[in-house]
Amino acid sequence: MVSIATSITLNGDPFPLDGDTALIALLERLNMRRGRVAVEINREIVPKARYDETMVRAGDRVEIINFVGGG
Amino acid sequence: MQDTPFELGGMKFNSRLIVGTGKYRDFAETRAAVEASGAEIVTVAVRRVNITDRGKENLLDYLDPKRYQILPNTAGCFTADEAVRTCRLAREVGVGELVKLEVIGDTRTLFPDVAATIEAARVLVKEGFKVMPYVTDDPVTCLRLQEIGCVAVMPLAAPIGSGLGIRNPFNLAIIIEQAKVPVIVDAGVGTASDAAEAMEFGCDGVLMNTAIAGAKDPLSMARAMKLAVEAGRLAYRAGRIERKLYATASSPLSGLIG
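In the order they appear, the protein sequences are chains B and A. For the first sequence, my numbering begins at 1 and goes up steadily by one. For the second sequence, my numbering begins at 1001 and goes up steadily by one.
These are computed hints drawn from the structure, not numbers from a lab. Yeah, the Cβ is synthetic: ideal placement off N, Cα and C, and Gly gets one too. Among the clues, some could well be false.
[To be verified] To list a few chain A residues with every Cβ distance to chain B over 12 Å, as calculated:
(1) 1002
(2) 1038
(3) 1147
(4) 1176
(5) 1190
(6) 1210
(7) 1255
[To be verified] Below, a list of computed lysine to aspartate or glutamate pairs in the EDC-like style, where the Cα atoms sit at most 16 Å apart:
(8) A:1012 x A:1217
(9) A:1056 x B:28
(10) B:48 x A:1092
[Unchecked claim] According to the in silico footprint, chain A covers these stretches of chain B (three or more CB under 8 Å from chain A):
(11) 5-15
(12) 18-28
(13) 64-71
Okay, chain B solo, but in the shape it has when bound:
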């Protein structure tokens, strides 16, 4: 199977992807730890327990958030 270069929208910006990718692989590529982030795909929250089985596909709108300083 040939991987097809494609892209998603990640935190509002286009982001290249080599075909469908497991969410956990995307997080690892971004150097992000499971316990520090939360993820939405197409406005649906992905529970942490499903990071391994969830696939990110072309055109998906992915949001990854974390905590920052705030009042």
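Keeping the supplied structure of chain B fixed, place chain A upon it in accordance with the hints.
Relative to the frame of chain B, chain A by itself:
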């Protein structure tokens, strides 16, 4: 005089000071200020991760969620939907159900949109969140939020970051009298005496960020706030004297030399 623990959303705390983590120079200063304040609950904001700077440290590396109760806020949200979405994401990070709900109605005053706050609170309480809403110092709004099932009400003392202190002590007194949940003054504290005043009125706690982070010496101010909240609480429990117009001598009037 042994104080009772501060109960909030089924949890118990010793400190009645809640501090924000915004506006610090770096995470090390944030951590040092939080430590100096003695706070056990710290607010954080929910934002998109920085994709381009992947080596960046995370706030939770400096504030261990096992040691501190993390209180995610919905700062920057202008609609109930945005606030609810933010809370759902925050919960998924895995630090519990406690959230600071704020739905801003106006960028200049940062006063809350009361109708949207109530709407969001209803949804969040139904979804099992322990909601702590930032609200105007309006007794009726605080009653409604309490009825909905919020675990606390957090009336503002003055606009966020203004440092003006308690602008409406009489409304605050009514809110405290009516409350069946903790009343936490959130926003507007400028210096230690403001925090002490809030506690002397009978507030259950005080939440602040700018007053500490914006001080010339944040660590000293953090300690000042810790002492002020403790002093104000102790004075409230001790029961202050009545105010009188004229003097009452402190020394005996009999036995004077003559």
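### Task
Could you grab the alpha-carbon distance between residue 48 of chain B and residue 1092 of chain A and see if it respects the 16 Å cut-off?
Given pair residue 48 of chain B, residue 1092 of chain A holds - Cα atoms ~7 Å apart, limit 16 Å.
### Query
Is it the case that residue 1176 of chain A keeps its Cβ farther than 12 Å from each residue Cβ in chain B?
Correct as stated: the minimum Cβ-Cβ distance to chain B is 22 Å, above 12 Å.
### Query
Taking 12 Å as the cut and beta carbons as the points, is residue 1190 of chain A off the interface with chain B?
14 Å, holds
#### Entry: Whether chain A covers the segment 18-28 of chain B (at least 3 residues having a Cβ closer than 8 Å to its Cβ atoms)
violated (count 0)
### Query
Has the given pair, residue 1012 of chain A with residue 1217 of chain A, been kept, meaning a C-alpha gap of at most 16 Å?
30 Å, violated
### Task
With 12 Å as the threshold, tell me whether residue 1210 of chain A passes as away from chain B on beta-carbon distances.
7 Å, violated
### Task
Beyond 12 Å from every chain B Cβ: check whether that's true for residue 1002 of chain A.
31 Å, holds
#### Entry: No chain B beta carbon within 12 Å of residue 1255 of chain A's
The claim stands: residue 1255 of chain A keeps its Cβ more than 12 Å from every Cβ of chain B (closest is about 57 Å).
### Query
Does the no-contact call for residue 1038 of chain A survive, Cβ to all of chain B over 12 Å?
17 Å, holds
### Message
Verify this for me: three or more residues of the segment 64-71 of chain B with a beta carbon less than 8 Å from a beta carbon of chain A.
### Response
holds (count 8)
### 8 Å C-beta test of the segment 5-15 of chain B against chain A, three or more residues
Coverage by chain A holds for the segment 5-15 of chain B (5 residues, Cβ < 8 Å).
### Query
Taken at face value, is the distance from the CA of residue 28 of chain B to the CA of residue 1056 of chain A at most 16 Å?
Holds, at roughly 14 Å.
In this structure, the earlier hints numbered 6, 8 and 12 are contradicted, and the remaining ones agree with it.
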